[in-house]
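Colleague: From just these sequences and the hints, can you work out the full model?
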Amino acid sequence: MLLSEDQLEQMHKRFPYPRFSSAEYERRYANIRKMMRELHLDCLLIIGGSAAYGRCWFNFRYVTNMMGKAEMASYCFFPKEGKPAVVTRPGHSLAGAMLARTAVGNIIIGKPSVLDGIVNEMRERGYDKGRVGIVEYDPYTSIPKNHWDFFTANLPQAEFLFVTKEFIAMRLLKSAEEIQFLERSAELGDIGLSAMQERVRPGMTEGEVFGIVHEAVLKAGGEMGMIQIGSCSMLDPDINDQRPRPVERVIGERDIINNELGIFYNGYEAQCGRPVFTGEPTAEYQAMFDIALEGYRRLVPTLYSGKSSDDSITAMEFIRSTGCEFYGGFLQGMLGANPRHEPQIGFDRVQSAEDRFLFDQDGRLVYQPGHVFTLQMHIVDQNHTRGLFVGDFFAIEENGPRCLNKFPLALVRAGN
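Going by our numbering, the sequence shown opens with residue 1274, and the numbers climb by one from there.
One or more hints might be untrue.
Lysine-lysine pairs mimicking DSSO-like chemistry, simulated, CA-CA at most 30 Å apart [unchecked claim]: (1) 1580 / 1307; (2) 1402 / 1342; (3) 1679 / 1492; (4) 1492 / 1438; (5) 1342 / 1353; (6) 1580 / 1438.
Quick caveat, the hints were computed from the structure, so don't treat them as lab data.
All values reported here derive from a predicted model rather than from experimental measurement.
Modeller: Here you go:
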């Protein structure tokens, strides 16, 4: 199926999803082909699928703007010359409102399967004996084993290489247009926080709190993305982390509602969070919030071009004398809406193998304009029963770090 530019334009008008400009795709494709030349690749197979809040679409979506409905695996066939193609199955993906997302006019319908469609396309284009780069969901979540077996059995003379890390490294620095979409995601996160501040009341269920956020951000033009919320009594705390599904619990008069919001805007995710209280914060939670503020204010000055992850880690050493600790890292790189948040920076991330390919030979990530991070102060007590989350999204620019969120950096009292 080949969709003309006129057909794509009509579909875009009928189903007006947000989308990037043609110039942005030209920039992406040029960078991808530069990577392919350096690795001597003839084509790429870029997988996408429905998992991890929809984040497993992120590489596929980067080149096509497409995402499926419930498919576990669609592919983009990306040749070293010529136009890329979306390879998908018959059915849901071919509905007008689904195809209207695409920035790619060449749609290959896998018959009888997506895998057959890929193999046939590679044979027709003469790549069945070439070097084929596979871009996975992320470096630690590969393509299904049966896909690998099918490709290697049906294309025995092709050479297959996994190039996910190189692809992600190529995506690391954001364009001005990508930053604009991240700004919109940050705005949607602020809307979710404001909705909780205005509407949450004791007597509601935790599910109603989830519903308040979902309603607010979807009405404002966002995708569901990652919405994590967790409530407990401040007087008898039992959580240190927020959760992706509500429990059957009623919000009390002296509760804390931790939240971490990553609302997608066309596949781009800027995370934020503020603790929401239904009563006067206890002294313990007030002290934890003060520690979070201290960490936030120490960390921001390290986010200048030319500084590095070492500077950020040093700035956070103060936590060791507070009686509290960080739960996870304090900087999360957000490449789009990716399954993992490479690069991650924190005390417990130094030995991580997940994202070391993004760091230099000295184990540092040197900050540059175009880097983006969620700055998160996820503070927990040493018993891991009391926790508090504060987060905002930052872009590193020529003149320094810029926070994309506008929500006040303060405790949130529900109903105020």
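Colleague: Would you mind marking each hint as holding or not holding in the structure?
Modeller: Hint check results:
Between residue 1580 and residue 1307 the CA atoms are separated by roughly 28 Å; this keeps the pair inside 30 Å, and the hint holds. As the CA atoms of residue 1402 and residue 1342 are separated by approximately 33 Å, the hinted pair breaks the 30 Å bound. Between the alpha carbons of residue 1679 and residue 1492 the distance comes to roughly 19 Å, so the proposed pair stays at or under 30 Å and holds. Distance check on the hinted pair: residue 1492 and residue 1438 sit about 36 Å apart at the alpha-carbon level, beyond 30 Å; violated.
This hinted pair checks out: residue 1342 and residue 1353 have alpha carbons roughly 29 Å apart, not beyond 30 Å. For the hint pairing residue 1580 with residue 1438, the CA-to-CA distance comes to about 23 Å; that is within 30 Å, so the pair holds.
The structure fails hints 2, 4 (numbered hints given earlier, in ascending order).
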